[in-house]
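Quick note, the sequences are listed as chains A and B, same order.
Under this note's numbering, the first residue of the first sequence carries the number 1, and numbering increases by one thereafter.
Under this note's numbering, the first residue of the second sequence carries the number 1, and numbering increases by one thereafter.
Keep in mind that a hint or two might mislead.
Copies of one chain are not kept apart here, so a pair can be met inside one copy or by any two copies together.
Taking lysine to aspartate or glutamate pairs in the EDC-like style, the calculated list, with each CA pair at most 20 Å apart, reads [claimed, not checked]:
| id | residue 1 | residue 2 |
| --- | --- | --- |
| 1 | Lys413 | Glu116 |
| 2 | Lys444 | Glu58 |
| 3 | Lys218 | Glu272 |
| 4 | Lys167 | Glu221 |
| 5 | Lys333 | Asp177 |
| 6 | Lys8 | Glu95 |
Think of the hints as simulated: they come from the structure by calculation, not from any bench.
Number of protein chains: 2
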Amino acid sequence: MEKPTLPKGTRDFGPLVMARRQYLFNTIGQVFHKFGFLPLQTPAMENLSTLTGKYGEEGDQLLFKILNSGDYLKDVDLSKLEARNSRLVASEIAEKGLRYDLTVPFARYVVMNRHEIALPFKRYQIQPVWRADRPQKGRYREFYQCDADVVGTDSLICEAEIVLMIKEVFQKLRLNDFTLKINHRSVLDGLAEIVNAGGKEADLYVAIDKLDKIGEEKVREGLIQKGFESKSLDALFEILNTKGSNEQKLNLLSNKFQQSEVGKKGVSDLKETLGYLKFLNANEQHVEVDIPLARGLSYYTGCIFEVKVNNVQMGSVSGGGRYDNLTQAFGSKEKLSGVGISFGIDRIYDCLDELNLFPKETATSSKVLVCHFDEASLQYGLNTLSQLRSAGIASEIYPDLAKFKKQVEYADKKKIPFVIIIGPEEVASGQLSLKNLESGEQSKQTIQQIIQALTP
Amino acid sequence: MEKPTLPKGTRDFGPLVMARRQYLFNTIGQVFHKFGFLPLQTPAMENLSTLTGKYGEEGDQLLFKILNSGDYLKDVDLSKLEARNSRLVASEIAEKGLRYDLTVPFARYVVMNRHEIALPFKRYQIQPVWRADRPQKGRYREFYQCDADVVGTDSLICEAEIVLMIKEVFQKLRLNDFTLKINHRSVLDGLAEIVNAGGKEADLYVAIDKLDKIGEEKVREGLIQKGFESKSLDALFEILNTKGSNEQKLNLLSNKFQQSEVGKKGVSDLKETLGYLKFLNANEQHVEVDIPLARGLSYYTGCIFEVKVNNVQMGSVSGGGRYDNLTQAFGSKEKLSGVGISFGIDRIYDCLDELNLFPKETATSSKVLVCHFDEASLQYGLNTLSQLRSAGIASEIYPDLAKFKKQVEYADKKKIPFVIIIGPEEVASGQLSLKNLESGEQSKQTIQQIIQALTP
């Protein structure tokens, strides 16, 4: 029999990685909770009618579809089968698909539970999603998303709170060197007016979003190819290249947007958002108005956020913004505006790993392994074990009679930091040997002393 | 557009239920951790070659299969399509399936990572599984399993530790009235010798496992129909009907098994397991040797466990036992014996709900909502909010200017227990009104006093 394998693009998370992921999820979840966000979980499977058409044509291609149960081919049109028309047949043999993101299921939940929900509704959701993408480094077919959204209010206090939440998450994770970029859809729309983009806004936004990566020259070339006038681009890049404080940037924009109502709205929203930070006793540290920032522009209608960890080779680790009409795709007539943030768990994990920022404790399993030499010391060790656990100390005993070396190897492999060594002498005296496996330090202590030493 | 629906047999978990489920998972996870078990997560999708043939024919039918991506029909044999042979076509158009339980992925993980794993390997896993079963009350197509296993040792200390772990979980959940039934495959095999079951062991075990539910008469009828002799059944029921302490039951079995080597082995294993409890400073409270207990007999080869919550209409809430050859199904020649326990999360949830045992705190979201009357008090409230959060108090502010009544309704609906009311008077004096929404009690306090009052 062949050795089993994992489906490509999927991963097992073994104990060490899991402990770290749990630390990550717990840290983020606790911050969400402190800000009044409550957890939601939706099923892995959704009806394809819920998912299809929400992610564009490309997204639809990447949905994992679940074969109907039972005799699923029974009623399928024979001509479609004979034509081997995969697309048409799929719609008849698969009614369900796997969750592709957390936003659509969230919208579906809101529509289905509209009457029980208190608005503004603040939910967070940490669950895996599945995409039939071509797997490559850092891109998986199963990966976790971690979203927090508040819907049902236009208040920019929510934007300010999301800024604070992001700052607190990264500070709690000790990722202190990060930049939270913020922009506004209406600022982009104001820029579009300045360059007379009329009808070519999407091209403009896609192009300038790359400014950071490919530089002015290439962006300019691309825009000229798309039919933008060189002269209007000069005005554009003067704005895009503005350096300085957030206040300076916003003042420049105000100045440039004197003729643009939409541009003014963007600037005033950003000013109001940053103003709320002050009322919330927070400052603008880490926060940077980034005029070329566009992100999923077709989606966002207000503020746009993106987080970069500095001095690490890594794309954005978090992003979000305000959107209108969360539930419109489900035929709801109510205009539910919301603002949300999504943390890229895999990338944040990699940053913490690279910068060696996972707390040491996270890596450990039990605190102590009870080792023994014979039947009598094993029995004595069981009593020791029960006392350790009564004191709340995660601990274990090697369950078989085995050589001491083997027992210590087990502790090493599991990264258990301490062993208690019990032999005939220890049984007789009650003075147990406690050994720190990292430092090699060893001393004789009573179980009460050991408990005191190991209690955090 | 039609209102969206959930696939049948699946559920959303809204904030209240999620908070309770997290309490449940955290409680169980903490106990697992204290006993040296480490978390593992495997992907939702497994290759069908990993899953098929592991759950019997019926299980194979219940696997959710995932349609291959792209032009999946391209190379399918036309004759199979024309014959509309769902089964044969499925094997060509679906390579992957959804996880059906946690044991097979665990075994697959062990085989794939055998060389990095420290034996004995103690893992726990809390993840959803999917079964294309007909949904009915209490039976879902997506549900969580919660398993802990230790593999790679025959030591009965592991059985004793699992008994302790079960006791601690239920005690932590304040489900104090439960019975942990324990039996042994070899005890059943000993009984089979007594009734000369030769070849009909499975019939015997299935029948006596129902003794509790349908009574002696019906079990006897069934066994006679299967060809068992009435006389030998008298001897059997004399044993099965034994009442008394565990010691009395085991002594009776010892007596009856004088001619049965296998029976003796079962009794001695049970005695040894209970003996380890003593060494571990634990007693046999809640633990009951249950001679007719059989459970998935084809699977278990040693001790068998089952937990019933008493005085609640509910099947078993937890079960497990020792098995041999975890990895045999994957062609591994190494005999890896293990022992595990699985907690039925949905049933335990229902028990806690019925008995009103969820901690009140679990149900709440934020601790306090900051309410305001006008722009100035909203701004003041943002400062208040930041102080509450700095003190670690989960709190929120109503983000829009709205009538006080609406703000309190929001708090009510979200089960936020306290509101802080800030109007012009409070802004002037710094004496804020703190109101307990449950008791109606209200008093004026400074923010420092409020923080002190709300800090747990």
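When no copy is specified for lysine 413 and glutamate 116, does a C-alpha distance of 20 Å or less occur within a copy, between copies, both, or neither?
-> between (50 Å within a copy, 8 Å between copies)
Could you figure out if lysine 444 and glutamate 58 sit no more than 20 Å apart (CA to CA) within one copy, between two copies, both or neither?
-> Answer is neither; intra-copy 66 Å and inter-copy 58 Å both fail.
Is it within a copy, between copies, both, or neither that the alpha carbon of lysine 167 lies no farther than 20 Å from that of glutamate 221?
-> neither (36 Å within a copy, 71 Å between copies)
Within, between, both or neither, where lysine 218 and glutamate 272 count as close if Cα-Cα is 20 Å or less | neither (34 Å within a copy, 77 Å between copies)
From the Cα coordinates, with 20 Å as the cut-off, is the pair lysine 8 and glutamate 95 best called within, between, both, or neither?
-> between (24 Å within a copy, 11 Å between copies)
Identical-chain pair category, lysine 333 with aspartate 177, by Cα at 20 Å | Answer is neither: 43 Å inside a copy and 51 Å across each miss the 20 Å cutoff.
Violated hints, listed in ascending order, are 2, 3, 4 and 5; each of the other numbered hints is respected by the structure.
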